[in-house]
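Visitor: Sequence:
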Amino acid sequence: MSDQNAAGTVAERATRPRTLAEKLWDDHVVVRGENGEPDLIYIDLHLIHEVTSPQAFDGLRMADRPLRRVDLMIATEDHNTPTINITKQIEDPTSRLQIETLRRNVEEFGVRAHPLGDDEQGIVHVVGPQLGLTMPGVTVVCGDSHTSTHGAFGALAFGIGTSEVEHVMATQTLPLKPFKTMAINVEGELRPGVTAKDIILAVIAKIGTGGGQGYVLEYRGSAIRSLSMDGRMTICNMSIEAGARAGMVAPDKTTFEYVRGRPHAPRGEDWDRAVEYWRTLPTDEGAVFDEEVFIDATELEPFVTWGTNPGQGVLLSDRVPNPAEIEDPNQRAAAERALEYMDLEAGTPMKEIPVDAVFMGSCTNSRLDDLRTFASIIEGKKKADGVRLMVVPGSARVRFEAEAEGIDRIVEEFGGEWRFAGCSMCLGMNPDQLAPGERCASTSNRNFEGRQGKGGRTHLVSPLVAAATAIRGTLSSPWDLQEDAARGVTHDAPPASPDAASPARRRIPIMPVNEKVEA
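Numbering (this note's numbering), first residue to last: 1 to 519.
These aren't lab readings, by the way, just hints derived from the structure by calculation. Keep in mind that a hint or two might mislead.
Said to hold, decoys possible - Pair ranges (Cβ atoms, derived): (1) Arg-487 to Glu-189: 27 to 33 Å; (2) Lys-382 to Asp-71: 48 to 54 Å; (3) Pro-175 to Asp-58: 20 to 26 Å; (4) Ala-324 to Asp-58: 27 to 33 Å; (5) Arg-191 to Gln-55: 45 to 51 Å; (6) Gly-386 to Gly-488: 22 to 28 Å; (7) Arg-487 to Gly-286: 50 to 56 Å; (8) Glu-403 to Glu-299: 36 to 42 Å; (9) Glu-291 to Pro-436: 39 to 45 Å; (10) Arg-273 to Arg-337: 53 to 59 Å; (11) Gln-89 to Glu-379: 34 to 40 Å; (12) Gly-455 to Gly-286: 48 to 54 Å; (13) Ala-63 to Glu-34: 24 to 30 Å; (14) Glu-412 to Pro-263: 26 to 32 Å.
To be verified - Distance condition first, Cα-Cα at most 30 Å in a straight line; then the derived DSBU-like pairs of lysine-lysine: (15) Lys-206 to Lys-177; (16) Lys-206 to Lys-382; (17) Lys-88 to Lys-454; (18) Lys-351 to Lys-454; (19) Lys-253 to Lys-180; (20) Lys-351 to Lys-382; (21) Lys-454 to Lys-206; (22) Lys-180 to Lys-206.
Cβ coordinates follow ideal geometry from the N, Cα and C atoms, glycine included.
Kindly generate the complete structure, drawing on both the sequences and the hints.
Guide: Below you can see the structure in the form of structure tokens.
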């Protein structure tokens, strides 16, 4: 919200047209700041994991402070967790220490936790929504950049630093100055093969990795309304990659149907009252945004990154850009460095770039819809020679549901690895990493240097592009598979043996991280 929008009394603000973000802000102000001081904002849900919480718990101990609202906190293990052999001791000492520390802290302070092996364990931004903890109209924070994911529900959700984590633990509030607002209007019908991931990559390429700095982005328009909740979460998840503080989608019938019946969703009369309130949240007609961006969804195509930040992306049908044609000297220098790191030559068709690995997972694209979409493309096909495929569900619950639909068998028959839940290859903080020089088509959210392992090279893609790439061995989309079929080129797998069967799945018990269990 701009200084102009932030001005005025609460009563004055309530009588003029307001944006979704402004309504949530006003509803959560505990004390409004004066003379340029920040407002004090109430936090409804605090999510924690093993990486950014240890120092915050230490701070509480040193000050002899209790948790203000332990009932509004939930912990899960995701960043450092392995996705295979999860009953064995975690080998990396740093990862093991972080997991052990989180378990001690949540036990001491009485925080609800879902550790490795628990039926509800998984990536924090997958677990919150699937449990019904994330709902319209709430404020959500976590010591993690991609907390903006939860804004897909019409929540005001954003990442915070460790000192702020401690502040929320102690007070259930945060001192904040109002954010500015930006409307991202995406109108029109998406063509088959174009997804939410392509929308957000196109948005970031358009406004840049700093274009949203200081803003809450509200995604609007017919293309956004047509998306499932999983698709909306994908878009809001990557708002931070445009520099934004948060991303939001107004709640509607799609939102309500997703939340209805989940473990922590309101029930009975409470549900009716909640929906009545949620219907008041969408941006009022006549409300003014600080900035607006317009995108024609009908013109979008599958998108892919070529460089080392999410804004360095082009249409998959395009070529690697020539830095010499970039006017801005800073962007030109960044492009030159990116091409050197990525070992790419300007002018190379994106579809001719071969990959060594495909990663299907992360808090951006590891939900059931994502896995279904991916499986629908690879089913009955043959994986390209020399390409490693890793499929990592976003949570244990998603894994169980996917296995009930046979998605695990499709992945394994294709030649891929079906893993346990976790952040996995999205970041180099667990065993799932690229080797130096390896190139990966990844459904994750960041393609920074070394993000997936020292020297690893990352191309951000949608689940559909990831699937087609795993089949063809070069960056590809389902459109390319259709063209192959029209030319008589097939990628069909040989008939499976009638006796072949996947091994029975079993749920894994929670094991102490310091106890070694032999297989």
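Visitor: Against this structure, judge whether each hint is valid.
Guide: Now for the hints, and whether the structure bears them out:
no.	hint	result
1	Arg-487 to Glu-189: 27 to 33 Å	holds (28 Å)
2	Lys-382 to Asp-71: 48 to 54 Å	holds (51 Å)
3	Pro-175 to Asp-58: 20 to 26 Å	holds (21 Å)
4	Ala-324 to Asp-58: 27 to 33 Å	violated (51 Å)
5	Arg-191 to Gln-55: 45 to 51 Å	holds (47 Å)
6	Gly-386 to Gly-488: 22 to 28 Å	holds (24 Å)
7	Arg-487 to Gly-286: 50 to 56 Å	holds (54 Å)
8	Glu-403 to Glu-299: 36 to 42 Å	holds (38 Å)
9	Glu-291 to Pro-436: 39 to 45 Å	holds (41 Å)
10	Arg-273 to Arg-337: 53 to 59 Å	holds (54 Å)
11	Gln-89 to Glu-379: 34 to 40 Å	holds (36 Å)
12	Gly-455 to Gly-286: 48 to 54 Å	holds (52 Å)
13	Ala-63 to Glu-34: 24 to 30 Å	holds (27 Å)
14	Glu-412 to Pro-263: 26 to 32 Å	holds (30 Å)
15	Lys-206 to Lys-177	holds (27 Å)
16	Lys-206 to Lys-382	violated (36 Å)
17	Lys-88 to Lys-454	holds (25 Å)
18	Lys-351 to Lys-454	holds (25 Å)
19	Lys-253 to Lys-180	holds (27 Å)
20	Lys-351 to Lys-382	holds (19 Å)
21	Lys-454 to Lys-206	holds (29 Å)
22	Lys-180 to Lys-206	holds (19 Å)
Violation of the numbered hints given earlier is confined to hints 4 and 16; the remaining hints are satisfied by the structure.
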